[in-house]
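Taken in order, these protein sequences are the chains called F and S.
Each residue of the first sequence is one higher than the last, beginning at 1 in the numbering used here.
Each residue of the second sequence is one higher than the last, beginning at 1 in the numbering used here.
If you're looking for bench data, these hints aren't it; they were derived computationally from the structure.
Since the model is a prediction, treat every value here as computed from it, not as a measurement.
Be careful, since some hints might not be right.
Said to hold, decoys possible - Distance condition first, Cα-Cα at most 25 Å in a straight line; then the derived SDA-like pairs of lysine to any residue: (1) S/K83 x F/D81; (2) S/K83 x F/D49; (3) S/K10 x F/T42; (4) S/K83 x F/P41; (5) S/K10 x F/Q72; (6) S/K10 x F/P9; (7) S/K83 x F/V89; (8) S/K278 x S/G232; (9) S/K83 x F/R38; (10) S/K10 x F/R44; (11) S/K39 x F/E82; (12) S/K10 x F/L59; (13) S/K10 x F/L11; (14) S/K83 x S/E25; (15) S/K83 x F/N52; (16) S/K83 x F/Q51; (17) S/K10 x S/I333; (18) S/K83 x F/N63; (19) S/K83 x F/G64; (20) S/K10 x F/V16; (21) S/K10 x F/G17; (22) S/K167 x F/E50.
Claimed, not checked - Covered by chain F, per the in silico footprint, the following chain S stretches (three or more residues, Cβ under 8 Å): (23) 49 to 55; (24) 80 to 89; (25) 324 to 332.
A virtual CB, placed ideally from N, CA and C, is assigned to each residue, including glycine.
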Amino acid sequence: MARAVVRLPRLLEPAVGTVRQVEVTGSTIGEAIGDLLRQQPTLRVHLFDEQNQLRPHVLCFHNGTPDRDVAQGTAPLSDGDEIVFLQAVSGG
Amino acid sequence: MERLIVGTEKGGYLLTKGRRSWDVEGPAFPGWKVSAFGKAPDGTFLAGLGSNWFGASVHRSTDYRNWQQVENGPRYPEESGLKLNQIWVFHTTGDRIYAGVDQAGLFYSDDQGLSWEPVPALNEYPGRADWQPGFGGLAAHHILSAGDRLWVGISAVGVFRSEDGGKTFERRDRGVMAVGDPDADPESVEPGRCVHGLVSDPKDPDRIWRQDHSGVYRSTDGGDNWERIEEGLPAAFGFPIGRNHETGSLFVAPLTADENRVPIDGHLAVYRSQDDGKSWHQSGRGWPDGGQFNGVLRNAMAVDSQGGIAVGTTGGSIFVSDDDGDNWGQISISLPRILAVEAA
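From just these sequences and the hints, can you work out the full model?
In structure tokens form, the structure reads like this:
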């Protein structure tokens, strides 16, 4: 099992309060996201839709690389990995 | 009205009437659309949030200041193919709370809003694949109730009535014009009736008033039949409709037309009927003398039974009356686009 860090945007404060980063564990990125949602269950509705797809205007980067399939992701997780969620530059 | 909770395109604001002005607290939920407020049977306050990025959620508070998101909010089953885009309305009846949402559907909570279950009879209504959204989305935005009877208004579809507490629903739009098709058979119950607002008489729930895309209507038989009631209105288009259940006064906020959704010639005003909708007149005094080109959205009118009425505009202004609409004053504030106003 590897340890990684998930970073969250400030806009998600209504869901998680002042939490900006969460330490997660797993052997794949999908397992890491599962751990994130166990620790912060209110995030699920904001990051993923009913079909468990990343919301269209939410971005996820795994070590700087965009990954839209994180919930089911089988990419291996390594110690020190960084998973970043951001809102897309859109809206008004 | 001594206190208002206001939902805007960018956060929620709590306004408290002071000696000379209104104190403003907020925003709660900075950056989020705050589209609905409600109250659970135990008095807990509810807020419905939406976001262009992060979906919709339900939040609870005991003081309007500290809010907690519920973990098991409304959520369509994965296999439905439907998505929850916005919470449009809360409606509490007895020990149950209903939430109307976009994509059009209904959810209920029997535990003060902590967890929510879908109402399959509406959410899986036959033919819903043919439902078309209005400009504001495919939204279940008004709920009325009386015992086991339930009415749900959906844009741009029509009004649905249940006689059995939500186990079954039937369309109730006879007499209402279809949107964009003035030649459509008014007896038809095809989708395309775009209800904007609903209010009923709690003493006689068969009496329902309706601000629709196509005009203002009244039913005296629980929605079986609708008749137009627009005498005295400068325009039939608008979004909210409210009622002071003590005096019976009705309130609407007319806009020029579907294709030009602004007050007529810049004259923003609420219109009032004091004869159950037979005739309408501008509500009282105190409106700006022109220059107003922002309207009132469907949830941005609050009416209580003590003579209080408040409306918020898409330009962020708020107008309040404490005497059943005889005299109006503008709160000195400019908020983001106002989506929802409630007496707090």
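Taking the hints in turn, this is what the structure says about them:
Restraint check for S/K83 and F/D81: the C-alpha separation of about 31 Å exceeds 25 Å, so the hint is violated. Annotation: proposed proximity of S/K83 to F/D49 holds, straight-line Cα distance about 7 Å (limit 25 Å). Distance restraint check for S/K10 and F/T42: the Cα-Cα separation of roughly 20 Å lies within the 25 Å cut-off, and the hinted pair is therefore satisfied. For the hint pairing S/K83 with F/P41, the CA-to-CA distance comes to about 18 Å; that is within 25 Å, so the pair holds.
Between S/K10 and F/Q72 the CA atoms are separated by roughly 33 Å; this puts the pair beyond 25 Å, and the hint is violated. For the proposed pair S/K10 and F/P9, the alpha carbon gap of about 16 Å is at most 25 Å, so the pair holds. In summary, the hint linking S/K83 to F/V89 is supported, as the alpha carbons are separated by about 22 Å, within the 25 Å threshold. In summary, the hint linking S/K278 to S/G232 is supported, as the alpha carbons are separated by about 9 Å, within the 25 Å threshold.
In summary, the hint linking S/K83 to F/R38 is supported, as the alpha carbons are separated by about 22 Å, within the 25 Å threshold. For the hint linking S/K10 to F/R44, the alpha-carbon distance of about 22 Å falls within 25 Å, and the restraint holds. With a CA separation close to 41 Å, the supplied pair S/K39 and F/E82 exceeds the 25 Å bound. Simply put, S/K10 and F/L59 have alpha-carbon atoms about 21 Å apart, close enough for the 25 Å limit, and the pair holds.
For the hint linking S/K10 to F/L11, the alpha-carbon distance of about 11 Å falls within 25 Å, and the restraint holds. Taking the CA atoms of S/K83 and S/E25, the gap is about 32 Å. The hint is violated against a cut of 25 Å. The suggested pairing of S/K83 with F/N52 holds, with an alpha-carbon distance near 11 Å, which does not exceed 25 Å. The straight-line distance between the Cα atoms of S/K83 and F/Q51 is roughly 8 Å, inside the 25 Å bound, and the hint therefore holds.
Between S/K10 and S/I333 the alpha-carbon distance is near 15 Å, which keeps this suggested pair within the 25 Å criterion. Using a Cα cut-off of 25 Å, the hinted pair S/K83 and F/N63 is violated, with the two alpha carbons roughly 30 Å apart. Simply put, S/K83 and F/G64 have alpha-carbon atoms about 29 Å apart, too far for the 25 Å limit, and the pair is violated. With a C-alpha separation of about 18 Å, the suggested pair S/K10 and F/V16 falls inside the 25 Å cut-off, and the hint holds.
Between S/K10 and F/G17 the alpha-carbon distance is near 18 Å, which keeps this suggested pair within the 25 Å criterion. For a cut-off of 25 Å, the pair hint linking S/K167 to F/E50 stands: about 24 Å separates their Cα positions. With 6 residues bearing a CB less than 8 Å from a CB of chain F, the stretch 49 to 55 of chain S meets the requirement of three and the coverage assertion stands. Counting residues of the stretch 80 to 89 of chain S whose CB lies closer than 8 Å to any CB of chain F gives 5, which reaches the minimum of 3, so the coverage claim holds.
Proximity of the stretch 324 to 332 of chain S to chain F, defined as three or more residues with a beta carbon under 8 Å from a beta carbon of that chain, is not established by the 0 residues found.
In summary, the numbered hints that this structure violates are 1, 5, 11, 14, 18, 19 and 25.
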